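2 protein chains.
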Amino acid sequence: MSTELARRIADHVEEIADFPKPGLRFRDITPILQDAELFGDVVDAFAEEFKDREIDLICGIEARGFLFSAALAYRLQMGMIPIRWPGKLPPETQRTVFELEYGFDALEVHRAAFAGGKSVLLVDDLLATGATMRACVDLVRQAGGKVIAGAVVVEIPTLEGREKLKDMEIHALASL
Amino acid sequence: MSTELARRIADHVEEIADFPKPGLRFRDITPILQDAELFGDVVDAFAEEFKDREIDLICGIEARGFLFSAALAYRLQMGMIPIRWPGKLPPETQRTVFELEYGFDALEVHRAAFAGGKSVLLVDDLLATGATMRACVDLVRQAGGKVIAGAVVVEIPTLEGREKLKDMEIHALASL
Numbered sequence: 001m002s003t004e005l006a007r008r009i010a011d012h013v014e015e016i017a018d019f020p021k022p023g024l025r026f027r028d029i030t031p032i033l034q035d036a037e038l039f040g041d042v043v044d045a046f047a048e049e050f051k052d053r054e055i056d057l058i059c060g061i062e063a064r065g066f067l068f069s070a071a072l073a074y075r076l077q078m079g080m081i082p083i084r085w086p087g088k089l090p091p092e093t094q095r096t097v098f099e100l101e102y103g104f105d106a107l108e109v110h111r112a113a114f115a116g117g118k119s120v121l122l123v124d125d126l127l128a129t130g131a132t133m134r135a136c137v138d139l140v141r142q143a144g145g146k147v148i149a150g151a152v153v154v155e156i157p158t159l160e161g162r163e164k165l166k167d168m169e170i171h172a173l174a175s176l
Numbered sequence: 177m178s179t180e181l182a183r184r185i186a187d188h189v190e191e192i193a194d195f196p197k198p199g200l201r202f203r204d205i206t207p208i209l210q211d212a213e214l215f216g217d218v219v220d221a222f223a224e225e226f227k228d229r230e231i232d233l234i235c236g237i238e239a240r241g242f243l244f245s246a247a248l249a250y251r252l253q254m255g256m257i258p259i260r261w262p263g264k265l266p267p268e269t270q271r272t273v274f275e276l277e278y279g280f281d282a283l284e285v286h287r288a289a290f291a292g293g294k295s296v297l298l299v300d301d302l303l304a305t306g307a308t309m310r311a312c313v314d315l316v317r318q319a320g321g322k323v324i325a326g327a328v329v330v331e332i333p334t335l336e337g338r339e340k341l342k343d344m345e346i347h348a349l350a351s352l
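Line by line, the protein sequences give chains A and B.
Taking my numbering, I'd label the letters of the first sequence as residues 1 to 176.
Taking my numbering, I'd label the letters of the second sequence as residues 177 to 352.
Since the hints were made in silico from the structure, they are not lab data.
Predicted model, so just to flag it, every value in this text is computed and none were measured.
We treat Cβ as the ideally placed atom computed from N, Cα and C, and that holds for glycine.
All clues given are correct.
Sample of chain A residues at the chain B side, in silico, Cβ under 7 Å:
#1 Phe19
#2 Gln34
#3 Ala36
#4 Glu62
#5 Ala63
#6 Ala70
#7 Ala71
#8 Gly79
#9 Met80
Please take these sequences and the hints and turn them into a complete structure.
In structure tokens, the structure reads:
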């Protein structure tokens, strides 16, 4: 983790109390996107970390994960697969349902995307409780893919997301 | 419009009947993303078209617009602003409500993003009826921004989306 990049990222995350539910704290990462130089440096830092790894596809997690995964796929000249909320990916999908801090959620992915055991890098903006990343790892594996690592811009270590992801590599550019 | 790129794009859009509602035809653009070379060529074609224009920010429309807008923002070294479905962008947003083929929808954007009259390129995957792009143009203008153009990967001319967008430039890479 580059200390200087980590500091710049942390400076560009805004905390909003009691959103989306009372008692939760929302982290707004949009200031990172708005700063062209920082956004570029984030994508380049991911690229530097993963450019020599055996990766077939970048998987982005809806919706903010799309922002970083698409730019990284472009940078690394790799294909990209979106993992989406239900009902967005006709026709043949694999689905997983999982628990969040505020209820349940579900995610889907095109089953055929991982045919032949594709190696996948999962990308999201934030690692909080780890529930979403855990669900995506299981989803990709159920669909026949191999998860190489999970890459996130920011992690919140106090929420202990890595506890749910002990069977895989997690790469975070900054901690909050 | 490059004929060869347009043909490759069209070959990578799958039509799915009666989705998301009976009578509608869904266009699945995920095969474009999955083809690393084509995805790169799409982003480069947008970059070539807009690199010398006076643009301050790239605006991506949730959710598939995020995929192309984020890669383009990275490529052009510009900041990116997400236009999102309601309730995703705390705290201070500008909202618009608009009619779609299957009911109403709403979009929001951070009001402060356009302070000082920023010039904006709007990016989405698909131009169909034009309702979403129209809503985004109005939203950006209400928030104080100036819309330079709308860029879409694919347009469907039979749905006459450009009729709703006569007051602006639309750049499409392919037609279906």
